[in-house]
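A.B. asks: Here is how the chains run, residue by residue.
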Amino acid sequence: MTMASLDPVAAVLLVPILSAALLAVLPGYRLTARLNVVASMLTFVSALSLFVIERPQPGPYVLVDDLNIVFIVLNTFVGFTTSIFSASYIAHELEAGRLTPVYLRFYHAMYQTMMFGMNLAFVSNNIGLMWVAVEIATLTTVLMVGIYRTHAALEAAWKYFILGSVGIAFALFGTILVYMAARPIVGEGQDGMIWTLLIQNAAAFDPALLNVAFIFLFLGYGTKVGLAPLHAWLPDAHAEGPTPISAVLSGLLLNVALYALLRFKILLAVNPHAIAPGPLMVTMGLVSLIFAAFMLYRRRDIKRLFAYSSIEHMGIIVFAFGMGGPLANFAGLLHMVMHSLTKSAIFYAVGHISQIKGTQRINRIRGLTVTHPALGWGFVVGVVAIAGLPPLGIFMSEFLIVSSTFARQPLLAVALVFGLLLAFGALTLRLTSVAFGEPRGSKASAEASYVPMLAHLALVLCAGTYLPAPLVVWFQHVARLLG
Amino acid sequence: MQMHSLAFDISHTLAGGLVLISFMMLYQDRLYSLLNVFALHAVVLALSVAWQAYIQDAPHLYITAVIALVFKAIVIPVALHRIVKQLGIHRDIESAVSIGLTMLAGMALVALSMVLMLRVTADADPLAREDLAFALSVVLLGLLVMVTRRNAVSQVVGFMSLENGLVLAATGAKGMPLVVEISVAFSILIAFIVIGIFLFRIRERFDSVDVSALDDYRGERR
Chain U
1 MTMASLDPVA AVLLVPILSA ALLAVLPGYR LTARLNVVAS MLTFVSALSL
51 FVIERPQPGP YVLVDDLNIV FIVLNTFVGF TTSIFSASYI AHELEAGRLT
101 PVYLRFYHAM YQTMMFGMNL AFVSNNIGLM WVAVEIATLT TVLMVGIYRT
151 HAALEAAWKY FILGSVGIAF ALFGTILVYM AARPIVGEGQ DGMIWTLLIQ
201 NAAAFDPALL NVAFIFLFLG YGTKVGLAPL HAWLPDAHAE GPTPISAVLS
251 GLLLNVALYA LLRFKILLAV NPHAIAPGPL MVTMGLVSLI FAAFMLYRRR
301 DIKRLFAYSS IEHMGIIVFA FGMGGPLANF AGLLHMVMHS LTKSAIFYAV
351 GHISQIKGTQ RINRIRGLTV THPALGWGFV VGVVAIAGLP PLGIFMSEFL
401 IVSSTFARQP LLAVALVFGL LLAFGALTLR LTSVAFGEPR GSKASAEASY
451 VPMLAHLALV LCAGTYLPAP LVVWFQHVAR LLG
Chain G
484 MQMHSLAFDI SHTLAGGLVL ISFMMLYQDR LYSLLNVFAL HAVVLALSVA
534 WQAYIQDAPH LYITAVIALV FKAIVIPVAL HRIVKQLGIH RDIESAVSIG
584 LTMLAGMALV ALSMVLMLRV TADADPLARE DLAFALSVVL LGLLVMVTRR
634 NAVSQVVGFM SLENGLVLAA TGAKGMPLVV EISVAFSILI AFIVIGIFLF
684 RIRERFDSVD VSALDDYRGE RR
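From first to last, the protein sequence lines stand for chains U and G.
Residues in the first sequence are numbered consecutively from 1, following the working numbering.
Residues in the second sequence are numbered consecutively from 484, following the working numbering.
Isolated chain G, as found in the complex (with noise of 0.2 Å):
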């Protein structure tokens, strides 16, 4: 009974600071500072799987836990950082909506998927329940983050984010079946999304990354 209690602490800490990191992310307001909150994200994430895995005795999880690390904490910041230094766009994130509103909203949706998730879930067991209600509140964080940047870079790091409380819900979903195949999917994902942002730059299209730029462009050429 002991264990089974600090099994659970310990991965509801895991849990919890995922979302604290979350609203880290919010109050951002530079590329690199965001980028490093992602990776500190990344690394939370590789510990909750990992201990995911052990409680669970899934070893396969371990997998997911080292993509998560190696991919997610190292890989990716990295080459964001090197794009970002590259493009030159180091300076401010434009915000769309202010840091103030942007937490508040954040508050918003994570008692919304408290409310929502524990309510639903009243049956399961604690441990499964809780960390769904944390990963959607990291999902819809990480919507958050999508929402309110303008700029492609962060949005690609709300994305990741987002998918990050994914992995979070379906590691937490005990012997769901395809959770290692689903992360390498998404680690695909992200990667070629990464070395398209790169290859719009070096094919020199656009002056900059920032999605409003691109907006001219679209649509009803009137």
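Here chain U stands alone, though its shape is the one from the complex (with noise of 0.2 Å):
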């Protein structure tokens, strides 16, 4: 292990939380928000970089393994995008005076803070620091969901607060009892919470001990994913706090949940005697997939509406990787992808648009390709994505989803294609009245950055039209890796 290998790992962390110091100091707009694109980047690129090191060998805290290299570069990646649409986003709340500066400095810290909780949850090769990285990330979050101070959003802050505690402590709780089931035969103190010893040890821990560990860990991770019933607190987060807030949860934050599910699933699945984790993530996610999309229906408030469509993908997600087998895992690992790019992509629109309207009420928002035509047809193209039309990225992975499932478990195959098509007719219908028809509302010009989300939209164009072969020789690595 040489310093030369270790420095980009360490990047990844130092960057955000030294840049988070910095910013919570620096007045000035435009020094900071221009900083913390920089430190985004900067971040993003020693992501990057990790794929060309030689690795770390896996030591007590620090990890890098195939698995979370795909975490970490998506994670930066879109929090780079997203520090770009912030800065034009904020500008606007600024003027708007819904922000003052004192609340900016705040806000830039606690975004990179959050950052650094993300990537330290990545690269935790102990599962407790993990658990105290979630925290981290969830903690920031909170915080700049309340960030506007109105009722709605101190009550939506309040909700995810309490929800998002719970989840933590359960999450504890199972963390606590898989030490006490690694305990006799890793030893005691430090080495019993390291994974790579964990799950070489796996096969002779107590299944009975791991079975219970995996319920609370199911629960505590999976209110942070936002499965159903345990949502309560996604849909309000997203609807109340900053745009850019609403990106990183649904791009982000919920892949950290899953991250963290995925590295337990992986540790049951060497023991023989544990039960399988599959049928019980299959459940949720289908649970939560037709759930969500009959609650699509019914939504007025635009950025509600994508926090539900966002438990209904995350549904699909967990579906895919509960199914499990090296093509469904890869379906779901590519779907997650898709997932982020698109979702913060419409929500990198949907921000733009409702400063422009002064709403988010759907129904005071028409014909936006006709008053705004780039944000309009790139709000249509997101959309037209996450409703799962070809030849966008999400198809394809909603594709191998279906195909999978249909060859294995056609009746469940058949849940799932109910699922995803109650979901398409709900997205299609807010679609025509958002971005089609007479115009309504405002139709001032907009002062949007368009590059962030064309980045996005044209990534999720080429998945869906050709995906790189050693980008699919990566991503079936991995999904052997998960079982």
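These are computed hints drawn from the structure, not numbers from a lab.
Fair warning: there could be bad hints in the mix.
[To be verified] So the derived list for chain G, only partly shown, Cβ under 8 Å to chain U, looks like this: (1) V603; (2) T604; (3) V622; (4) F642; (5) E646; (6) K657; (7) P660; (8) L661; (9) V663; (10) A668; (11) L672; (12) A674.
[Claimed, not checked] In silico contact screen, one side only, chain U against chain G (beta carbon under 10 Å); selected entries: (13) G128; (14) W131; (15) E135; (16) L139; (17) L143; (18) I162; (19) V166; (20) T175; (21) G187; (22) E188; (23) G189; (24) Q190; (25) L389; (26) H477.
Cβ coordinates follow ideal geometry from the N, Cα and C atoms, glycine included.
Starting from the two chains in their separate frames, assemble the complex, guided by the hints.
C.D. replies: See the structure below:
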């Protein structure tokens, strides 16, 4: 383990936390917004360099393997593009007087702290450290959801906090139980929490204890993933916070919790006597998908609509990982990446749209493609993508999930397709009213930054038409790791 | 052998005491008395953690015990006392469910956690085993307090007692790393919330911190 090989890992953690400290003290919007972008870019670049460097040996705290590189690169990329979007979004919020300079400093510091927490959760090799990191990321988002200090925002933050902390508590209890299961085999102290050691010895763990531990972890981290019926915090948190936070919540934070779940799923799969986590995940995934698909029809708030769509897609992803096997895991992984990119692109568009129109109510927004062609058509492409139409990336991953399920469990596939069609119907219904028809609401020109949205949509389109072979090989390898 | 059984008995008594005090929280109908019971809860937790530190010969656990004693048994209750006074909400707690039902639910939860934990940990050493069963009871009772109360302050108290259960579980698991860090992290979390409640008030955004009053503002603004 040379110093040079450790550096990118350290940079992925140090850049966000140091810039958080810096951003907390620096005044001035222009400077701090740019610094936020630069810091996020540096983090992204160091994450990319994880591909080329020699990997550090897994230590007591840090682990870099094929699985978490995918998550880290996706995380830092969306973090980077969101920081660009955030710069133009926040400028408008300052003008409108919804944020004061003090809160702005706080906002930027929290943004970077959140990136730190998420990256730490991904690279940690210690299940206790991972839990702390998820808690940091959650706490910072709670604070950002409540940043507008309106009744609705504070209530959303409070609800998020209460449900989130119950999730946190269950996850910690599960973590303690995993340690208890590991202690007789791996030994006392630090070693009993190191994931790489756990996975080597998991076959000998007490299966009953491991089962109960997984139930708690599933409930705990599942709350964070936003699985129904534990999802109640998610729509409020998305709707009331600043839109950049909605984008990172949907695109990133849900993935962090999912990643934690996957780590424990791998652990359980090693033990032959433990329960198979698959059926549990399939059930919860399917319930979330169908429940959210029904809920989509009654939404009147545009950010809330896409929050429910996130629940729906997390349901699909958990379903795919629950099915397991190389093909379903591959599809789940691809779907996760596509969903992160598409959903954050949609939120970039929605953020600008709701700023221009001064409302988030769907029935007050009409005819966007006429008044704001770039924003409107970007939104259309995003929604078409999230609804799962070809030739965009989500179509491909959904197609893979459905076809692999049909081959193994035709009945489950029918339920899956039912949920997908239901969601598709709701989204098209909303899309036609928002994007087309007689324009309604303000027609003020947008001072938007289109680059992040277009970049994401281009990537999604690219993935839908042509997936580069090295990426496919990489994902196939990770899919085998996931069992 | 004699010493071992004494060590066992004392930690058993302390952990059982925590469950009992959790039950006491369920039927407190005034915020002040709820806060006092919580302070007692934290004191017993501190004793229990200190005892674990002694019998496991793990001096770092004394830090967790001191945090429990100073922060949770003194600072937080005093701060919440003042907040309650300032908000003028020291009257009744409006309980969402009747006390009788709450107590029954509490008993069911304790029975559940005993059956669950004692069954699955049959091979573990008896001390850790019963500790875990008690800890899960405290966690679930804390959850029950959170669910049955509508008031933000009492929800925080419920959350803190839940967290006490987690600390009990973590210290009972012999040699578990990061216990101190986790208890510090939790304390920071709680401090944030308490400051949050306080800030909301001085900004006068709320007429009360009653969550049901907040419900009116939520959601689908039709």
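A.B. asks: It remains to establish, for every hint, whether it holds in the given structure.
C.D. replies: Hints and how they fare:
For the restraint placing V603 of chain G at the interface with chain U, the shortest Cβ-Cβ distance is roughly 4 Å, inside the 8 Å limit, so the hint holds. A least Cβ separation of about 6 Å between T604 of chain G and chain U falls short of the 8 Å threshold, and the interface hint therefore holds. Nearest Cβ of chain U to the Cβ of V622 of chain G: about 6 Å, under the 8 Å cut. The hint holds. The beta carbon of F642 of chain G comes within 6 Å of a beta carbon in chain U, closer than 8 Å, and the hint placing it at the interface holds.
About 7 Å separates the beta-carbon of E646 of chain G from the nearest beta-carbon of chain U, less than 8 Å, and the hint is met. Below 8 Å, beta-carbon pairs count as interface contacts, and K657 of chain G has one with chain U at about 6 Å; its hint therefore holds. Because the closest C-beta pair between P660 of chain G and chain U is about 5 Å apart, less than 8 Å, the hint holds. Look at L661 of chain G: its Cβ gets to within about 4 Å of chain U, closer than 8 Å, so that hint holds up.
Taking 8 Å as the C-beta contact cut-off toward chain U, the hint placing V663 of chain G at the interface is violated, the least distance being around 11 Å. For A668 of chain G, the suggested interface contact is upheld, since its CB lies about 6 Å from the closest CB of chain U, less than 8 Å. Taking 8 Å as the C-beta cut-off, the interface hint given for L672 of chain G holds, the closest approach to chain U being about 6 Å. At its closest, the beta carbon of A674 of chain G sits 11 Å from a beta carbon of chain U; the interface hint therefore is violated under the 8 Å criterion.
Given hint, G128 of chain U at the interface with chain G, holds; its Cβ is 4 Å from that chain's nearest Cβ, closer than 10 Å. Against a cut-off of 10 Å between C-beta atoms, the interface hint on W131 of chain U holds, since the closest Cβ of chain G lies about 8 Å away. Hint on E135 of chain U holds. Least Cβ distance to chain G is approximately 6 Å, under the 10 Å limit. With a least beta-carbon distance of about 6 Å to chain G, the hint placing L139 of chain U at the interface is held under the 10 Å criterion.
For L143 of chain U, the suggested interface contact is upheld, since its CB lies about 8 Å from the closest CB of chain G, less than 10 Å. A least Cβ separation of about 6 Å between I162 of chain U and chain G falls short of the 10 Å threshold, and the interface hint therefore holds. Restraint check, V166 of chain U versus chain G: the minimum CB separation of about 7 Å is within 10 Å; hint holds. At a threshold of 10 Å, the smallest CB-CB gap from T175 of chain U to chain G is about 9 Å, leaving the interface hint in force.
The beta carbon of G187 of chain U is positioned within 10 Å of a beta carbon in chain G (closest approach about 8 Å), and the interface hint is therefore held. Against a cut-off of 10 Å between C-beta atoms, the interface hint on E188 of chain U holds, since the closest Cβ of chain G lies about 3 Å away. Below 10 Å, beta-carbon pairs count as interface contacts, and G189 of chain U has one with chain G at about 5 Å; its hint therefore holds. For Q190 of chain U, the interface hint holds, the least distance from its beta-carbon to any beta-carbon of chain G being 5 Å, beneath 10 Å.
Among the interface hints, the one on L389 of chain U is violated; its C-beta lies about 27 Å from the nearest C-beta in chain G, farther than the 10 Å criterion. With its C-beta approaching chain G no nearer than about 31 Å, H477 of chain U sits outside the 10 Å limit, and its interface hint is violated.
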